[in-house]
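Number of protein chains: 2
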Amino acid sequence: MTNSIRTVYWENDAVVFIDQRLLPGVETYVISRDYRQVAAAIKDLSIRGAPAIGVAAALGIALGAHYSQAPSLTALKADFEVICTTFSQTRPTARNLFWAIEGMKKCFQEACAAPQAQQGMEIPPNPLLTKGGWGNLHINSYRGQALNFLKQSLITEACRICGEDIAINRKIGAYGEILIADGDNILTHCNAGALATAGYGTALGVVRAAWEAGKRIHVYVDETRPVLQGARLTAWELVREGIPATLITDNMSGFLMKQGKVQKIIVGADRIAANGDAANKIGTYSVAVLAKAHKIPFYVAAPLSTFDGAIKTGKDIPIEERDPAEVTCCQGVVLAPQGIGVYNPAFDVTPHSYISAFVTEKGLIHPPFRKTVPAVLGS
Amino acid sequence: MTNSIRTVYWENDAVVFIDQRLLPGVETYVISRDYRQVAAAIKDLSIRGAPAIGVAAALGIALGAHYSQAPSLTALKADFEVICTTFSQTRPTARNLFWAIEGMKKCFQEACAAPQAQQGMEIPPNPLLTKGGWGNLHINSYRGQALNFLKQSLITEACRICGEDIAINRKIGAYGEILIADGDNILTHCNAGALATAGYGTALGVVRAAWEAGKRIHVYVDETRPVLQGARLTAWELVREGIPATLITDNMSGFLMKQGKVQKIIVGADRIAANGDAANKIGTYSVAVLAKAHKIPFYVAAPLSTFDGAIKTGKDIPIEERDPAEVTCCQGVVLAPQGIGVYNPAFDVTPHSYISAFVTEKGLIHPPFRKTVPAVLGS
Numbered sequence: 001m002t003n004s005i006r007t008v009y010w011e012n013d014a015v016v017f018i019d020q021r022l023l024p025g026v027e028t029y030v031i032s033r034d035y036r037q038v039a040a041a042i043k044d045l046s047i048r049g050a051p052a053i054g055v056a057a058a059l060g061i062a063l064g065a066h067y068s069q070a071p072s073l074t075a076l077k078a079d080f081e082v083i084c085t086t087f088s089q090t091r092p093t094a095r096n097l098f099w100a101i102e103g104m105k106k107c108f109q110e111a112c113a114a115p116q117a118q119q120g121m122e123i124p125p126n127p128l129l130t131k132g133g134w135g136n137l138h139i140n141s142y143r144g145q146a147l148n149f150l151k152q153s154l155i156t157e158a159c160r161i162c163g164e165d166i167a168i169n170r171k172i173g174a175y176g177e178i179l180i181a182d183g184d185n186i187l188t189h190c191n192a193g194a195l196a197t198a199g200y201g202t203a204l205g206v207v208r209a210a211w212e213a214g215k216r217i218h219v220y221v222d223e224t225r226p227v228l229q230g231a232r233l234t235a236w237e238l239v240r241e242g243i244p245a246t247l248i249t250d251n252m253s254g255f256l257m258k259q260g261k262v263q264k265i266i267v268g269a270d271r272i273a274a275n276g277d278a279a280n281k282i283g284t285y286s287v288a289v290l291a292k293a294h295k296i297p298f299y300v301a302a303p304l305s306t307f308d309g310a311i312k313t314g315k316d317i318p319i320e321e322r323d324p325a326e327v328t329c330c331q332g333v334v335l336a337p338q339g340i341g342v343y344n345p346a347f348d349v350t351p352h353s354y355i356s357a358f359v360t361e362k363g364l365i366h367p368p369f370r371k372t373v374p375a376v377l378g379s
Numbered sequence: 001m002t003n004s005i006r007t008v009y010w011e012n013d014a015v016v017f018i019d020q021r022l023l024p025g026v027e028t029y030v031i032s033r034d035y036r037q038v039a040a041a042i043k044d045l046s047i048r049g050a051p052a053i054g055v056a057a058a059l060g061i062a063l064g065a066h067y068s069q070a071p072s073l074t075a076l077k078a079d080f081e082v083i084c085t086t087f088s089q090t091r092p093t094a095r096n097l098f099w100a101i102e103g104m105k106k107c108f109q110e111a112c113a114a115p116q117a118q119q120g121m122e123i124p125p126n127p128l129l130t131k132g133g134w135g136n137l138h139i140n141s142y143r144g145q146a147l148n149f150l151k152q153s154l155i156t157e158a159c160r161i162c163g164e165d166i167a168i169n170r171k172i173g174a175y176g177e178i179l180i181a182d183g184d185n186i187l188t189h190c191n192a193g194a195l196a197t198a199g200y201g202t203a204l205g206v207v208r209a210a211w212e213a214g215k216r217i218h219v220y221v222d223e224t225r226p227v228l229q230g231a232r233l234t235a236w237e238l239v240r241e242g243i244p245a246t247l248i249t250d251n252m253s254g255f256l257m258k259q260g261k262v263q264k265i266i267v268g269a270d271r272i273a274a275n276g277d278a279a280n281k282i283g284t285y286s287v288a289v290l291a292k293a294h295k296i297p298f299y300v301a302a303p304l305s306t307f308d309g310a311i312k313t314g315k316d317i318p319i320e321e322r323d324p325a326e327v328t329c330c331q332g333v334v335l336a337p338q339g340i341g342v343y344n345p346a347f348d349v350t351p352h353s354y355i356s357a358f359v360t361e362k363g364l365i366h367p368p369f370r371k372t373v374p375a376v377l378g379s
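Residue numbers (our numbering), protein chains in the order written: chain A, 1 to 379; chain B, 1 to 379.
Worth double-checking, as some hints may not be accurate.
Put simply, identical chains are the same to the list, so a pair is met inside one copy or across any two.
In silico DSS-like links for lysine-lysine, alpha-carbon gap of 27 Å or less [stated by the list, open to error]:
1. 258 / 215
2. 295 / 315
3. 315 / 261
4. 312 / 371
5. 315 / 77
6. 292 / 106
7. 315 / 292
8. 292 / 261
9. 261 / 105
10. 312 / 261
11. 258 / 295
12. 43 / 362
13. 371 / 171
14. 106 / 295
15. 43 / 77
Calculated from the structure, these hints are not laboratory results.
Go ahead and model the full structure; you've got the sequences and the hints to work with.
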């Protein structure tokens, strides 16, 4: 993995991310020192994929706090809230986004309660100290140190989340690899690869682990209209790794299955309800129905941060609808006539009954998911 | 239908066709006096859709014969064979192509046997007549008249096939319209519209007939990658007719069905085996499997010329594979990385068990198709 893909990370007081809209044609890294730019990158799909969105939000929140000009803890807290709200409004479906925001909020609260922050808290100034100029300086110095401590705590936590994501994906790969047999043809939808995470990938992490284990595998890549994450991103990752792969349009997968050309299906997820219903890129549900009709195992690879224990079933998962132009155009070229209506949901929900197993960093989760998912989440 | 779409027709000793590759952006009619140009137009998808391919081949064969410089019947027969072979090698799947070629061959044979042709046959010249120049002139005149008779017979037959196609589609519409209820949302895949036929359409003919009957319907249009016949052609036809329609990417149809938003599915066909297995645009099979899973009626509208009684099951239908660039590019824009493999079958086969009924110009054909299809073909 010397040539490994790094999707989004912290470097030199900046968030660095690969602009996925330009792939596979151009490999451009954006160096951002403005959290609003990171939030916009999530919204415009420069950064996408549930785990990558979570990591980017964590790093972006740390970035926003780092460059905050707030002179006091109260002001920093206010800034922090604004920053978190900005990220929470980028995209509605990916659970990891909210998981990361909650994680950063918890980190901030804990840091605020720590002695290093308490020393600089805006307690009423000691009249003895404030009488002279040196006293004010002391207070300002204390405040500055406390604010720096809080900011550094957020950066450390965001970088931990980022690094942990790659470690989690390697565990997912190790657990999932067992499911893949030598000679398997594996179908995947959208991109649940290194680019959808901090690195290595979830569904493609399993593929990578199987390949690294020496299994002779071949991947069928759904192009995944409208945004073409399969054609642009998954194909790019697989060509780069030298893993044999074949690109198809989304409507070809059923015909492949009918011909017995697909042995396993593995996809990622954006949010998984407590009963195992899984939201993922639009088209995943169709693939799952086709998989069942052809008796092909259908696996969902995702970190536990994608599971939303607070949501009972898939019906309660909010589904983002995106710009109709994503459907009527393709990479800027107009495809459809003016005046046609458009429906453009970015995700669909696959009921748990279509899922053979989940692959997580804590191992496989098998049915009945109503029991096994809460058990893993609670453990 | 004052504003009706004419896909391909005969006018002023030329074959005129709309270049469907340029739709919906540009509406260009090509006036062709070279049969090879018509054959190339079928190959490059300027003309597509099984019935339209059949009509274009018939007109193209008449065109080739019309402009043949053959001085004798033997030479015209040789030219005719070359012309027919050229058309038979354009595309392998559409039954209507071979049906039209067979029809034109039969017409030619019958015309050759007619007295008007026999008079000019290359019987050994009468020595008395050939002695003088006037004798040769007589023979040449006879020959010329005979050759013109043959050519005119072919033009008449091709124009008959063309006109009959529209009449057949109106019958299909009238029979199929009964299946559509007021308020139905109808999903269609690819383009089985006016543009796929000489005019009016098969699957879209049913939609048109339901709309003309005053039924308040709404159509979901699969964009139909890779060539986007849905987004470019079906959407264009429906906008032009003012029929409410919504464009989706191919991978959204399952999610729509799950939400109960689709009441009927109707598609065309390129070749139907004697047992009812139907080849149609890639992705049709997936739609049919999804329809069955959601208990939604799945209808195939096609003229009897699409049925191939000589082929017992769908396994024997040849499936065309097309240029990988259709998948890796979209309207000239490169989507995928270099080095990725591609699979690009233009059609798939839907087993008869997924089909609720066929809509033909002789009425509906219901299961069991093994009995009912041969009965209609033999009648």
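These are the hints, each one checked on the structure:
{"no.": "1", "hint": "258 / 215", "verdict": "within (24 Å within a copy, 37 Å between copies)"}
{"no.": "2", "hint": "295 / 315", "verdict": "both (25 Å within a copy, 21 Å between copies)"}
{"no.": "3", "hint": "315 / 261", "verdict": "between (33 Å within a copy, 16 Å between copies)"}
{"no.": "4", "hint": "312 / 371", "verdict": "within (12 Å within a copy, 49 Å between copies)"}
{"no.": "5", "hint": "315 / 77", "verdict": "neither (35 Å within a copy, 68 Å between copies)"}
{"no.": "6", "hint": "292 / 106", "verdict": "neither (41 Å within a copy, 48 Å between copies)"}
{"no.": "7", "hint": "315 / 292", "verdict": "both (21 Å within a copy, 22 Å between copies)"}
{"no.": "8", "hint": "292 / 261", "verdict": "both (15 Å within a copy, 22 Å between copies)"}
{"no.": "9", "hint": "261 / 105", "verdict": "neither (47 Å within a copy, 41 Å between copies)"}
{"no.": "10", "hint": "312 / 261", "verdict": "between (35 Å within a copy, 24 Å between copies)"}
{"no.": "11", "hint": "258 / 295", "verdict": "both (10 Å within a copy, 20 Å between copies)"}
{"no.": "12", "hint": "43 / 362", "verdict": "neither (30 Å within a copy, 54 Å between copies)"}
{"no.": "13", "hint": "371 / 171", "verdict": "within (23 Å within a copy, 56 Å between copies)"}
{"no.": "14", "hint": "106 / 295", "verdict": "neither (44 Å within a copy, 48 Å between copies)"}
{"no.": "15", "hint": "43 / 77", "verdict": "within (24 Å within a copy, 66 Å between copies)"}
The structure fails hints 5, 6, 9, 12, 14 (numbered hints given earlier, in ascending order).
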